[in-house]
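Asks: Sequence:
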Amino acid sequence: MKLYFARHAESEANVEQIISNRGQEYGLTPEGYSQARTLAEQFVDVELAGIFCSPLRRALETAREVAELTGAPVAIADGLREVDCGILEGKGDEEAWHELGKAFRQWLEFGHPEYAIPEGENALQVQARFSALAQTIARAGGTGSYLFISHGGTLRLGLPALLAWLPAERFAGQFLDYGEYVLAEAVDGEFTCLEWRGEKINKEEI
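When you read off a place in the sequence shown, starting at 1, and then add 904, the result is the number in the numbering used here.
Honestly, the hints are just simulated from the structure, not real lab data.
Backbone N, C-alpha and C fix where the C-beta goes; we use that ideal spot for every residue, glycine too.
The reader is advised that the hints may include incorrect statements.
[What the hints assert, rightly or not] Computed list of lysine to aspartate or glutamate pairs in EDC-like fashion (alpha-carbon distance at most 20 Å, straight line):
#: 1; residue 1: LYS906; residue 2: GLU920
#: 2; residue 1: LYS1104; residue 2: GLU1089
#: 3; residue 1: LYS1104; residue 2: GLU920
#: 4; residue 1: LYS1006; residue 2: ASP988
#: 5; residue 1: LYS906; residue 2: GLU916
#: 6; residue 1: LYS906; residue 2: GLU1089
#: 7; residue 1: LYS906; residue 2: GLU951
#: 8; residue 1: LYS995; residue 2: GLU1013
#: 9; residue 1: LYS995; residue 2: GLU916
#: 10; residue 1: LYS1104; residue 2: ASP1081
#: 11; residue 1: LYS1006; residue 2: ASP982
#: 12; residue 1: LYS906; residue 2: GLU1018
#: 13; residue 1: LYS906; residue 2: GLU1099
#: 14; residue 1: LYS1006; residue 2: GLU993
#: 15; residue 1: LYS906; residue 2: GLU1023
#: 16; residue 1: LYS1104; residue 2: GLU935
#: 17; residue 1: LYS995; residue 2: GLU929
#: 18; residue 1: LYS995; residue 2: GLU951
#: 19; residue 1: LYS906; residue 2: ASP949
#: 20; residue 1: LYS995; residue 2: GLU920
#: 21; residue 1: LYS1104; residue 2: GLU945
#: 22; residue 1: LYS906; residue 2: GLU1103
#: 23; residue 1: LYS906; residue 2: GLU945
[Unchecked claim] Computed beta-carbon distance windows for the label pairs:
#: 24; residue 1: PHE1014; residue 2: GLY1048; range: 38 to 44 Å
#: 25; residue 1: GLU951; residue 2: PHE1008; range: 24 to 30 Å
#: 26; residue 1: VAL919; residue 2: HIS1002; range: 17 to 23 Å
#: 27; residue 1: VAL948; residue 2: THR1040; range: 22 to 28 Å
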C-alpha cells in the first residue's frame, strides 16, 4: 500500500501568523488554492482510493481541490488535526510564538516528548493519534493508494515516529512546505519512506 502524507496549502492563519489549531474560521488564501490545485495535479494518474484530511478548514479545502480533480472520496480524520496548542490558541503575538517554538524544541531537540503547553497536547499524544490512523488504514485498505492531508506541526512530530529509514538530515533541514508531500509504503505494519519532497529515498544510503 502507498500512503502520501501532505501538508495543507497556505491559509489565512498562516499569512496573519495566528495560532489557529481548533477553529474553522481560517480558510485558504488565493495562493493556497493555487498550491492545492498544483498538489491535485500530481495525483491525476495515481488512482487514489481515498483522501483523509484533518477537520480544520484549511486541510479540508485542500482535500476538496484534490478530490475535484481526482474523483477520490474525502473523509475527515481527527488523527490528522494540528497540534493542540492549549492556551496559545487564537494568539499571534511574539510571546505566543516564542512559547510554541519552545514546545517544539522540547519535543524535537531536547528529547522531552511529555512536555505540553498548558491545556494542550504533548508530542506523545500527537504521535499516538497520527500513527493509530495510519495503522488502521494500512490494515483495512488493501493495496490501494491513500492521501493524508495534515499540518506542519503534526507531520513534523508524526512522520519520524511512523516512518522507517527517514533521512534525518532532510527532515531537520528540509521540512514540508505548503502542498508538499512524503510518499511511504506500508508492508506488514511497517512504514517505509520512499520519497521525500519529490526526491526518491534509497534506504541503502541512510
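Asks: Compare the distance between the alpha carbons of LYS1006 and GLU993 with 20 Å, and conclude whether the hinted pair is satisfied.
Replies: With Cα atoms ~15 Å apart, LYS1006 and GLU993 stay inside 20 Å; holds.
Asks: Checking one constraint from the list: CA of LYS906 to CA of GLU951, max 20 Å. Satisfied?
Replies: holds, 11 Å
Asks: Measure nothing beyond the straight line between the CA atoms of LYS906 and GLU1089; if it is 20 Å or shorter, mark the hint as holding.
Replies: Holds, because 5 Å separates the two Cα atoms, which is no more than 20 Å.
Asks: Can you confirm whether the C-alpha distance between LYS995 and GLU920 stays at or below 20 Å?
Replies: holds, 10 Å
Asks: Would the hint linking LYS1104 and ASP1081 be met if the CA-CA limit is 20 Å?
Replies: Measuring from Cα to Cα gives roughly 17 Å; hence the hint holds.
Asks: Please verify whether LYS1104 and GLU920 have alpha carbons no more than 20 Å apart.
Replies: violated, 34 Å
Asks: Verify the proposed pairing of LYS906 with GLU1103, using a straight-line Cα cut of 20 Å.
Replies: holds, 16 Å
Asks: For the pair supplied as a hint, LYS1006 and ASP988, confirm whether the alpha-carbon distance does not exceed 20 Å.
Replies: Holds, at roughly 15 Å.
Asks: Tell me if the straight-line CA distance from LYS1006 to ASP982 falls inside 20 Å.
Replies: violated, 25 Å
Asks: Would the hint linking LYS995 and GLU951 be met if the CA-CA limit is 20 Å?
Replies: violated, 40 Å
Asks: Between the alpha carbons of LYS1104 and GLU1089, is the straight-line distance 20 Å or under?
Replies: Judged against 20 Å, a Cα distance of about 12 Å means the pair holds.
Asks: With a cut-off of 20 Å on the C-alpha distance, tell me whether LYS1104 and GLU945 pass.
Replies: holds, 19 Å
Going down the numbered hints, you'll see the structure goes against 1, 3, 5, 8, 11, 12, 15, 16, 18 and 25, while the others check out.
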